[in-house]
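Colleague: Residue-level listing of the chains:
Protein chains: 2
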Amino acid sequence: MMSNHGTDVTALESHVDVLIIGAGPAGSFLALALGRAGVHVRIVDKKEAKITSGHADGIQPRMIEVFQSYGLAERLLKEAAQLRVNAYYVSKPEGGIMRTILEPTVKGSRYPFEVTLAQSRIEDILRDAMEECGVYVEQPKVPISLSLSEDESELQSRSSEPYPVKIVLQRPSASTRVENGHNVHTNGAANTSTVLGSASGAAQDIVRAKYVVGADGAHSWVRSAVGIDMVGESTKFVWGVVDFVPESDFPDLRISCAIHTEHGNCMIIPREKDLIRVYVHLGDVEVGEDGRINRLQFGPDEILKVAQKCFYPYKLLAPQGFDWWTVYIVGQRVASSFSVKNRIFIVGDACHTHSPKAGQGMNASMNDAHNLAWKLAYVMRHWAPSTLLDTYEFERRKFAQDLIDFDKMFATLYSVTPKPGDKNHERFVEACNTYSAFVLGHGVQYEASTITDITHASIASGLVIGQRIPPGIIVQVANFRPYELHDLLPSDTRFKILILPGDASKPKQKAKLDAVAAEIDHPEGFLKRFTPAGAPDDTMFDIITISHTPCVAANTLVIPPRLQSHWSKSFMDAQTMCEGIGGNLYASYGVSDAGAIIVCRPDGYIGMVAALDDLAEIGKYFANFLHSTPVTA
Amino acid sequence: MMSNHGTDVTALESHVDVLIIGAGPAGSFLALALGRAGVHVRIVDKKEAKITSGHADGIQPRMIEVFQSYGLAERLLKEAAQLRVNAYYVSKPEGGIMRTILEPTVKGSRYPFEVTLAQSRIEDILRDAMEECGVYVEQPKVPISLSLSEDESELQSRSSEPYPVKIVLQRPSASTRVENGHNVHTNGAANTSTVLGSASGAAQDIVRAKYVVGADGAHSWVRSAVGIDMVGESTKFVWGVVDFVPESDFPDLRISCAIHTEHGNCMIIPREKDLIRVYVHLGDVEVGEDGRINRLQFGPDEILKVAQKCFYPYKLLAPQGFDWWTVYIVGQRVASSFSVKNRIFIVGDACHTHSPKAGQGMNASMNDAHNLAWKLAYVMRHWAPSTLLDTYEFERRKFAQDLIDFDKMFATLYSVTPKPGDKNHERFVEACNTYSAFVLGHGVQYEASTITDITHASIASGLVIGQRIPPGIIVQVANFRPYELHDLLPSDTRFKILILPGDASKPKQKAKLDAVAAEIDHPEGFLKRFTPAGAPDDTMFDIITISHTPCVAANTLVIPPRLQSHWSKSFMDAQTMCEGIGGNLYASYGVSDAGAIIVCRPDGYIGMVAALDDLAEIGKYFANFLHSTPVTA
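Which chain is which? The protein sequence lines are P and W, in order. Residue 158 in numbering that gives the first Met the number 0 sits at position 159 of the first sequence; the count goes up by one each step and never skips. Residue 446 in numbering that gives the first Met the number 0 sits at position 447 of the second sequence; the count goes up by one each step and never skips.
There may be inaccurate statements among the hints.
Same chains, same names: a pair is fine if it fits in one copy or spans any two.
[Stated by the list, open to error] Here are the simulated lysine-lysine pairs, BS3-like style, with alpha carbons at most 27 Å apart:
hint, residue 1, residue 2
1, K568, K77
2, K308, K272
3, K235, K422
4, K407, K235
5, K505, K340
6, K106, K422
7, K568, K527
8, K77, K91
9, K77, K418
10, K314, K509
11, K619, K527
12, K340, K407
13, K49, K272
14, K235, K308
15, K418, K106
No wet-lab data here; the hints were simulated from the structure.
Whole structure, please, built from the sequences with the hints as guidance.
Modeller: Right under this line is the structure:
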């Protein structure tokens with residue numbers, strides 16, 4: 000490893016697997032996921048330092064699950080506020096407002112709540128985890144040119160190691176301000192190339208990368224540089240947002256509230272510590288011809304004044320001042336493409352912009368990164384052809400379009416000033432319920448593709464292939480300890496093969512399970528065919544067996560030794576003897592006593608389902624998108 | 000702060016609030032608890048370095064609760080193995096062994112399992128937490144003399160700051176071996192005296208302490224120095240213990256098993272990682288006249304051989320060798336006294352020795368420390384007279400005696416070789432069930448005393464005053480977030496005043512609650528009478544209100560502002576809208592709709608119960624053991 004701070008150097012050239020432009024939630028998440036996967040990654044950001052307040056704050060239940068799969072949920076939940084209940088308020092005929100509905104925020108998720116935490120603190124969590132992989136944000140640093148090799152053989156090369164993207168970085172100005180402390184560290188374990196620190200002043204940093212990812216926000220430089228358009232439009236709705244510690248006699252200040260009144264619309268989102276965030280519809284604001292508004296006409300005091308009108312007769316004051324505020328026009332756009340030749344990608348706000356009120360932005364952005372990370376890792380490891388990367392745009396652009404469609408409906412219902420007798424408020428509540436699973440994230444569904452095979456869906460009729468696998472309690476056979484299945488599915492880039500043999504203590508199912516165990520090492524089976532030559536069996540596939548056996552009948556001897564690489568790998572779908580939890584997995588997954596095999600993708604989504612004795616079908620599934628004779632181990 | 004490493008210095012003198020001799024679980028726990036309480040504490044140990052394997056390993060559910068109250072359970076649970084199920088095995092008539100019973104290990108506790116983790120790792124958890132308070136173990140260092148002032152006025156002094164205990168410490172030898180790195184650090188925040196590092200070689204360290212605590216084990220130097228006897232006797236039962244990673248076809252290797260056979264008795268305790276601990280009854284061993292055995296006649300191979308006989312027809316091998324082993328005679332003794340003039344105390348094994356098989360030793364030791372810590376802090380802060388310290392021996396010696404009585408019965412049943420037709424095994428299983436709550440810890444009950452007032456027990460008929468308060472889910476009023484009540488009762492040396500007003504949304508109970516709020520600042524009320532002059536109201540008393548109100552009727556306005564120093568302080572006994580948990584606290588505590596006030600001691604034990612409108616009774620309770628006109632704030 001080398002580090003070069005020479006001041007006379009004006010252009011340094013280096014190589015990297017993946018260069019990420021932008022260290023917001025999407026870029027940081029991607030850097031973390033790739034760093035964990037052992038990919039040599041660099042990440043730069045144009046800002047002088049991390050943001051410290053404001054910006055996004057909502058984390059949906061599915062995103063908490065994703066954080067958990069990276070081991071980050073514990074810290075998130077310690078720091079964040081929980082939104083467990085929604086309240087709806089409307090004008091009372093005699094004046095003032097009244098609560099019409101009080102209902103749980105979340106249904107059908109592992110975490111029965113949304114959380115809110117300032118984007119800056121989300122970024123802290125991600126950066127701290129990145130740094131454990133030796134990845135540090137280099138800032139301030141901006142790209143000034145980007146080019147992609149036009150040599151098709153280089154772009155498609157599998158056995159050589161092309162670096163077809165050339166990007167030139169530099170400090171945004173010759174400023175002498177101090178950069179943050181860690182921006183030229185390199186990873187001692189995972190990185191194999193030399194990373195050079197940029198010299199101060201006008202020195203340029205020429206980077207040759209296998210892949211470049213633009214995570215540089217709604218006004219993405221990368222997106223512009225490669226000529227990707229944003230498709231969509233702005234609305235006429237102008238909203239203001241303000242964060243503060245309130246003084247109020249309003250009783251529902253610590254739950255999520257939508258307030259629809261004749262004097263205006265307002266939304267309250269409780270935040271970490273004693274903060275709340277208030278959104279108000281600013282209504283009739285003149286929008287310039289460029290689609291931008293003159294922010295100078297509004298300050299936080301004006302935003303608070305509108306909120307105070309909605310709150311009447313309750314008081315709402317900000318005696319400690321404002322933590323952060325902004326004004327925005329709701330605009331809904333999706334990038335026309337998410338990638339150029341599978342070498343340059345965009346993620347996050349660079350791909351999609353929409354209104355913030357459903358708390359989707361940061362989730363959508365980080366889920367883009369989560370979706371892309373394992374695919375990049377597989378292609379870079381030569382485990383999969385580059386066509387696997389096509390599924391990133393296929394899956395995430397469809398999601399973005401669905402999100403924009405939802406947002407259009409939602410933002411309109413939210414922004415219209417109710418009039419006596421209209422059903423706007425009722426339609427709003429109804430829409431919230433209809434789109435709940437999508438908004439919360441567990442309803443997001445990827446369409447059928449090479450990696451999402453719905454052929455045998457009926458074998459697990461309670462599952463939706465292409466959705467994330469639902470949570471469930473299972474019990475370890477050896478010690479009767481209950482586990483949440485999700486905790487056994489870390490985002491470690493491995494496919495999880497869940498073998499559900501029915502009741503393995505019954506001779507018929509035991510015989511079938513023994514047959515699976517005997518067949519699993521077949522040279523033409525998926526395990527030997529796709530696992531890199533010479534690598535351990537659990538390199539790409541993590542096998543977990545879950546028998547539908549009551550506690551008293553279960554013991555470790557029921558599961559064939561071949562399926563117990565360790566005693567901790569065998570589970571039962573049974574109720575625990577003490578708390579009486581568990582025992583509902585087969586039923587909720589719609590798996591009969593004939594059993595099933597469920598293939599869970601590295602990102603936690605269900606990739607396919609097969610019959611218990613149909614290992615051949617599993618092999619066919621993986622052949623769709625994996626190399627069967629890996630070049631390297 | 001000073002530190003002196005001069006080699007010519009042969010005697011340094013310093014002052015400290017509390018000097019702890021011995022850094023095993025009892026001493027380390029006490030140092031942590033006192034360090035957290037801001038007490039200037041030093042702790043020394045005769046060992047060259049920390050132990051690294053073997054010794055105690057069992058942590059009972061109540062002890063997990065105590066760890067949680069110090070914020071340490073998360074790490075404990077991450078590292079430890081969980082024991083959720085017990086199995087009992089006996090000889091089969093045709094040879095070999097069979098399982099007769101499989102049952103949950105724990106009933107009626109917050110944590111439905113015991114955990115096992117090597118004592119060394121428990122000590123790591125405690126030391127890391129101690130070090131956050133600036134307290135570091137000084138080792139190797141031994142006491143060589145101990146003396147207590149005989150000046151009664153000094154011993155009883157309240158307004159001056161006597162240091163009546165003089166103790167001389169030195170390194171155990173002139174060894175030049177390197178001490179561990181942190182042994183002369185001092186606490187920058189809490190410590191007000193100078194701590195001097197001991198010089199190397201024969202240099203002496205003269206310490207003048209307010210209090211000295213001997214946590215120096217079964218052969219306690221402190222206990223001998225002050226002439227406290229151990230009362231009790233040895234048995235004839237000799238047991239061997241060995242820790243190893245097994246290779247075995249025995250199906251129940253990862254649960255707690257008691258195996259009673261005609262070929263011997265054996266017990267298996269699964270441990271962290273892949274270790275197990277095996278206890279075997281070595282039977283007819285010659286005990287020397289001094290009550291000690293010749294350990295040389297046994298090694299781990301002999302212990303394993305006995306276990307193998309019990310295991311037949313299952314195999315039990317230790318292919319990776321042994322992690323730790325020992326041989327011991329079961330002896331049951333309790334110290335005749337736990338204190339000398341409330342200035343010198345003994346805790347842990349120095350107070351009580353018994354058989355290890357019920358997994359009690361480390362729990363009893365740390366609970367001694369937990370019981371003593373807050374009392375020492377109160378007396379040192381001049382919040383309570385020294386008579387409060389009488390309750391340490393009163394409570395913990397009674398517990399130790401109960402433990403020895405249980406252990407005598409248990410060890411006998413365990414060590415007797417069963418004969419066909421006897422009912423020994425059945426009696427053993429029955430005893431395990433009878434003593435379950437005591438063994439698990441939540442059944443431990445302190446007798447009535449100045450700090451345990453059973454007068455109004457009928458007001459909360461589901462509680463046992465003198466036991467730890469049972470766990471329960473309550474819901475925060477402001478945001479509908481469920482909390483385990485225990486998580487609101489940290490070991491922060493404060494009394495927790497739980498106000499249960501019945502349904503505060505009903506006018507009658509609301510009026511009573513308003514009256515409590517109005518009365519709480521009365522100059523003669525407990526809050527003003529005992530809180531140190533000038534200190535914040537929540538210095539000694541943390542007030543939490545729990546209304547028996549359904550979610551839909553509850554809002555923060557129901558609870559009087561005086562009882563909501565922060566919105567997070569008001570709760571309801573209600574079911575959550577999403578998961579449907581909670582709503583059972585009043586019922587399980589046996590509190591009627593008339594309400595109650597429960598006073599929870601700083602150690603989590605129920606101190607007293609009063610009627611909702613009977614603040615006077617609460618004042619009387621505290622007057623029993625607190626100074627009503629504190630000398631210092």
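Colleague: Hint compliance check: list the failing hint numbers for this structure, sorted ascending.
Modeller: When the structure is compared with the hints, numbers 5, 8, 9, 12, 15 turn out to be violated.
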